[in-house]
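For the record, the sequence lines run as chains A and B.
Residue 1 is where the first sequence starts when you use the UniProt record's numbering, and the numbers rise one by one after that.
Residue 1 is where the second sequence starts when you use the UniProt record's numbering, and the numbers rise one by one after that.
Since the hints were made in silico from the structure, they are not lab data.
Even glycine gets a Cβ: it sits at the ideal position worked out from N, Cα and C.
Don't take each hint at face value.
Unchecked claim - If you only want the chain A side, here are some residues facing chain B, beta carbon under 10 Å, derived:
1) Val18
2) Gly42
3) Ala46
4) Leu202
5) Lys203
6) Gln208
7) Ser215
8) Ile219
9) Tyr254
10) His258
As the list claims (entries may be wrong) - With a straight-line Cα cutoff of 25 Å, these simulated DSS-like cross-link-like pairs (lysine-lysine) come out:
11) Lys132(A) / Lys45(B)
12) Lys132(A) / Lys184(B)
13) Lys113(B) / Lys3(A)
14) Lys132(A) / Lys71(B)
15) Lys2(B) / Lys113(B)
16) Lys200(B) / Lys184(B)
17) Lys103(B) / Lys67(B)
18) Lys184(B) / Lys76(B)
19) Lys71(B) / Lys52(B)
20) Lys184(B) / Lys113(B)
21) Lys76(B) / Lys103(B)
22) Lys113(B) / Lys45(B)
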Amino acid sequence: MTKREIIWYSLAVLLLIVSIWVSLMMGATPFSSSQIFSAFSGHNDADLNILVQIRAPRILASLVCGGMLAVAGAISQSTFHNRLADPSILGVTGAGSFLILIAGFLVPAFPFDKMIYAFIGGGLTLLFLSSKSLLQNSFKLIIIGVALSLTFSGFQQLFSGDSLVGTSTFNGITWSDTLTLLITGVIGLVAAMILAPWANYLKMSDQQLALRGVSARFIRFWLLAVVVYLSSGATAEIGVIPFVGIIVPNISRYLVGHDYQTIIPLSMLIGSWLLLTIDTIGRTITLPGEIPAATIMTVVGGPFLVWMLWGQKFNEVR
Amino acid sequence: MKLDNVSFSFHAGQPIIQNISADVVPGSILSIIGPNGAGKTTLLKLMANQLKPTSGQISLNDQFLAKMTRKQLASKIAVVSQQNHLYDDMQVIDVVKMGRLAKHHLLATVEDKEVLPYLEMTRTSSLAHRAMSHLSGGQRQRVWIASAIAQEPQYLLLDEPTTYLDIRYQSDLMAVIAELHKKKNMTIVMILHDINQAFKMSDQLWLIRNGRLIAQGAPSRYYDEKLLSDIFNISIHIVTIPNYGHYIIELPADSF
Numbered sequence: 001m002t003k004r005e006i007i008w009y010s011l012a013v014l015l016l017i018v019s020i021w022v023s024l025m026m027g028a029t030p031f032s033s034s035q036i037f038s039a040f041s042g043h044n045d046a047d048l049n050i051l052v053q054i055r056a057p058r059i060l061a062s063l064v065c066g067g068m069l070a071v072a073g074a075i076s077q078s079t080f081h082n083r084l085a086d087p088s089i090l091g092v093t094g095a096g097s098f099l100i101l102i103a104g105f106l107v108p109a110f111p112f113d114k115m116i117y118a119f120i121g122g123g124l125t126l127l128f129l130s131s132k133s134l135l136q137n138s139f140k141l142i143i144i145g146v147a148l149s150l151t152f153s154g155f156q157q158l159f160s161g162d163s164l165v166g167t168s169t170f171n172g173i174t175w176s177d178t179l180t181l182l183i184t185g186v187i188g189l190v191a192a193m194i195l196a197p198w199a200n201y202l203k204m205s206d207q208q209l210a211l212r213g214v215s216a217r218f219i220r221f222w223l224l225a226v227v228v229y230l231s232s233g234a235t236a237e238i239g240v241i242p243f244v245g246i247i248v249p250n251i252s253r254y255l256v257g258h259d260y261q262t263i264i265p266l267s268m269l270i271g272s273w274l275l276l277t278i279d280t281i282g283r284t285i286t287l288p289g290e291i292p293a294a295t296i297m298t299v300v301g302g303p304f305l306v307w308m309l310w311g312q313k314f315n316e317v318r
Numbered sequence: 001m002k003l004d005n006v007s008f009s010f011h012a013g014q015p016i017i018q019n020i021s022a023d024v025v026p027g028s029i030l031s032i033i034g035p036n037g038a039g040k041t042t043l044l045k046l047m048a049n050q051l052k053p054t055s056g057q058i059s060l061n062d063q064f065l066a067k068m069t070r071k072q073l074a075s076k077i078a079v080v081s082q083q084n085h086l087y088d089d090m091q092v093i094d095v096v097k098m099g100r101l102a103k104h105h106l107l108a109t110v111e112d113k114e115v116l117p118y119l120e121m122t123r124t125s126s127l128a129h130r131a132m133s134h135l136s137g138g139q140r141q142r143v144w145i146a147s148a149i150a151q152e153p154q155y156l157l158l159d160e161p162t163t164y165l166d167i168r169y170q171s172d173l174m175a176v177i178a179e180l181h182k183k184k185n186m187t188i189v190m191i192l193h194d195i196n197q198a199f200k201m202s203d204q205l206w207l208i209r210n211g212r213l214i215a216q217g218a219p220s221r222y223y224d225e226k227l228l229s230d231i232f233n234i235s236i237h238i239v240t241i242p243n244y245g246h247y248i249i250e251l252p253a254d255s256f
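Next up, chain B with everything else stripped away, as it sits in the complex:
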C-alpha cells in the first residue's frame, strides 16, 4: 500500500492529515503511534477508503483505492474498528460468517465449516454458538477480528484493538494477532496506545503528530527519548530491563 502526499480535512476545516507519503511494506506489522487527536484513526480510515483524501492518492498493488469497488476493497482490506456496535444480538458464528460476504454474492449461504478456521485462529471456536451480548470485551474483540480475517484480506487494519481490555486480554489478543500475521502472512496495520507494545510487536512504526508523519521505520531506530518526548509532549525516559530490553516510561518532568 502506498500513500502519496495524502491530506484530509472536513469541509474546509482544519487539516487533520497533512501531506503524508509512506509505504506499507507487504507482510509487515506496522503500528501507528502518536498522541490523542494526532489523526491516527482518520489515517486508518483513509487507508480503508472509509474516508476519501482531500488531496493525494492511496494505492494498493498499483491500483487507486478510490477507483476500486466496495467488493474489491473488502476482499483486500479488512478493518476492526474501535467500536463495533450491533443493533440486535447475533450468534458469534453469524458475525464471523458475515466476513465471508466479501467473497460471496449476497444471497449465498455460508456453511459453518467455511468459517471454522477463522474461529480457531482467533481462539473463539468454543464460543461459536454463544450470543455476542454474553461475551466479555476481550472475547468480543476476538470475534470481530475473526469476522475481519474471514474476508481473507491482504491487509488487516486494527484501530486500538486492545482498548477496554485488561492486561491479560491485551497480551492474549496480541498473541492472536502475531499468530495470524505469521500463519496468513497478512499485512497488519494497527493503532496502538501502548508504546511498548507497539515497539515490541512491530516491524515498522509510523510516528504521527498533528496530522503529520514525523518519523517512519524500524522500532529499534526510535528508542529516542527526545523524539518521543517531542511527539507525546511529555517527559519520556527509556530504561533497560534485563532479559527484556528497552522499556519506555513516561515521567513527570521534575522526577529526575
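Chain A on its own, in the form it takes in the complex:
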C-alpha cells in the first residue's frame, strides 16, 4: 500500500465510525453519547429498544446498500470502459425495480423472492447493453442506458402511480430485511474483492487479452454478473438509489489512482459512508417527517456529477 492509500483508507474508516456514532445519536429521540453507553450497558431498556430495533438495522442497511451500489458502479465502469456507466444510469436497477412491480401484478402469489425479479430484469438489461456495438461506443451506451432507465421509470409510474426515484427509502426497515441485505451484500462484496484484478485486466483490449491467453468475454460476463447481483440485491430491498455508483468510484479513483484493487474497497467504504450520511440527514432534517435517501441523492448527486464533469476535476472522465 502506498502512503496515499493508507491516508485515504484510514480517513474513510474514521469518517465511517464517527458517522455511525452520530447516526445512532440522531433521530426523533436524540441521544447523547453517555445515554447510548448506558443503554448498551443495560440501564435503559426503552432507549436500547430504539437503538437496536429501529436505528441499528437502518444504519446497517444503509451501510451495506451504499457499499453494494458503489462497488457495483466501480465494476460496471471497468467493464464498459466508461466512467459514467453506473447501473442506475444504465437502467439496470430501473429494470429490476420495474420487473418486481410487474411480477407483483402478474404473479400475485409471489412465488419467488423480489431479488430474483430484480436480478432477471437487471441481467437482461446488461446483456442487451454489453452488445458489441455499444461496448465500442460510449456515447451510444450512455444515451441508450439513460433512455432505458427513463422508460422503466415511466412504466413504473404508469402502473403504480409512483415514480421510480424518490420513493426508495430505508424507513421502516426491519432486522429481517436488513439481514437479507447483509447476507446478499457480503456475498456480493466478497466476490467483488476476489474479482477486482479482473477489472484491471479489462483495461487491455479484448485482442490484447486473447494474446495473453485470456478470454475478455469470460471476464466481462462474471464481472457483470457481480454488478447485477449487487445492484439488484440493493434494489430489491430498498429501491433505486441513483448516482452512488457513479460518483463514489470516481472520487475513489481521484483519491487513490487507477488500480481497481484499491478503488473497489475504497469505493465500498465511501459508498457506505455516503449513504449512511444521506439517510441520517434525510431522517432528521424535517422531523417528524423524512426525506427518502433516493431524493437527497438525486438532488445532491445530480449537481455534483455536473460539476465533476464540467470542471474536468476528475481527469479523463469519458
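Based on the hints, put chain B in the right spot on chain A.
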C-alpha cells in the same frame, strides 16, 4: 513454424495473402519487408492466430495453430502489436505482470519478483512503478515487449516495433531485441520499415509484395537493386560504406 499454402481474404474480397508457403527457422531473427499494403501485418496476425487463413494451414511444432487453445498459443507465441491501447492507466509492472497470465490461472497473484527479469531485460526496471501514461513512446514500447516476453514464448512477433520512435530510441530498441534473442534464444519475427535495419539484424528475410512471398532467405542474397526496386516500386541503389558494408538507399529515378 510452418506456413503451408496460406491464403487470406476478408469475406470474398480481394485476397490479401496469396499462397504463402514458408518455414520460420527456430531461433532465428526473421524480418518481413515490403511496401505498404503488401499484407505484412495480416501475415503476422495469421501467424499469431489472430486471423484464420481462408485456406492453407499454419503449424507450430507439428501442431496446427487453429487447433490450439488460446492458452497454449499464448505460452508459445507473444505479439507486440503496432498500436497498444489501454482504456485506463496502469502501472508499468502491472502491464508486464499481465504477460504472466499466459502461464497462470486467472485468479493467481503474480509476485513482483516474478516479472523483475523481464523488466531488466527490456531496461525498464527503473520505470516499474511509473504510470504508462507518463512514459515516452520508446519506454512504452519496451514495456509492451516486457509484457510479451513475460509470456516466455518461443516466438516473439513484433509489428513495426520502431514506428513512432526517433533514431536513438530505434537503435536502443533494436539492441534490446538483439539481446533478448541471444539470451532467451527466442525466435523473433518482425515487420520492419527500415530496410537497412532489417538487412543488418535478420538471419532471414521475407520479401512480400501484393500478398505474395517474392523471396525468402539470408539478407546477404538480397542486396539486389533490381529485386528491391521491383518490390518497392521505386529506384533503389546499393552503396558501400567503409567499415559498415552495403547500405540501401532509395533515389528518384532521374538522379543517376
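Satisfaction of hint between Lys103(B) and Lys76(B), Cα-Cα up to 25 Å: holds (10 Å)
Hinted pair Lys71(B) and Lys52(B), Cα distance within 25 Å: holds (17 Å)
Proposed interface contact between Tyr254(A) and chain B, which counts if any beta carbon pair is under 10 Å: This hint is violated: Tyr254(A) lies away from chain B, its Cβ roughly 13 Å from the closest one there, beyond 10 Å.
Supplied contact hint for Leu202(A), tested at 10 Å Cβ to chain B: This hint holds: Leu202(A) lies near chain B, its Cβ roughly 7 Å from the closest one there, short of 10 Å.
Chain B contact restraint on Gly42(A) - CB to CB distance below 10 Å: Not OK, violated: Gly42(A) not within 10 Å of chain B, min 47 Å.
Agreement of Lys113(B) and Lys3(A) with the hint, judged by alpha carbon distance not exceeding 25 Å: holds (21 Å)
25 Å Cα cutoff - pair Lys200(B), Lys184(B): This hinted pair holds, its Cα atoms lying about 20 Å apart.
Pair hint Lys132(A) and Lys45(B), alpha-carbon separation not exceeding 25 Å: holds (21 Å)
Proposed proximity, Lys71(B) with Lys132(A) (alpha carbon, max 25 Å): holds (23 Å)
When the least beta-carbon distance from Ala46(A) to chain B is tested against 10 Å, hint result: Because about 50 Å separates Ala46(A) from the closest Cβ in chain B, which is outside the 10 Å limit, the hint is violated.
Lys113(B) paired with Lys45(B) [C-alpha distance capped at 25 Å]: violated (31 Å)
Restraint status (C-alpha distance of Lys132(A) to Lys184(B) at most 25 Å): violated (39 Å)
When each numbered hint is compared with the structure, violations occur for hints 1, 2, 3, 9, 12, 15, 22.
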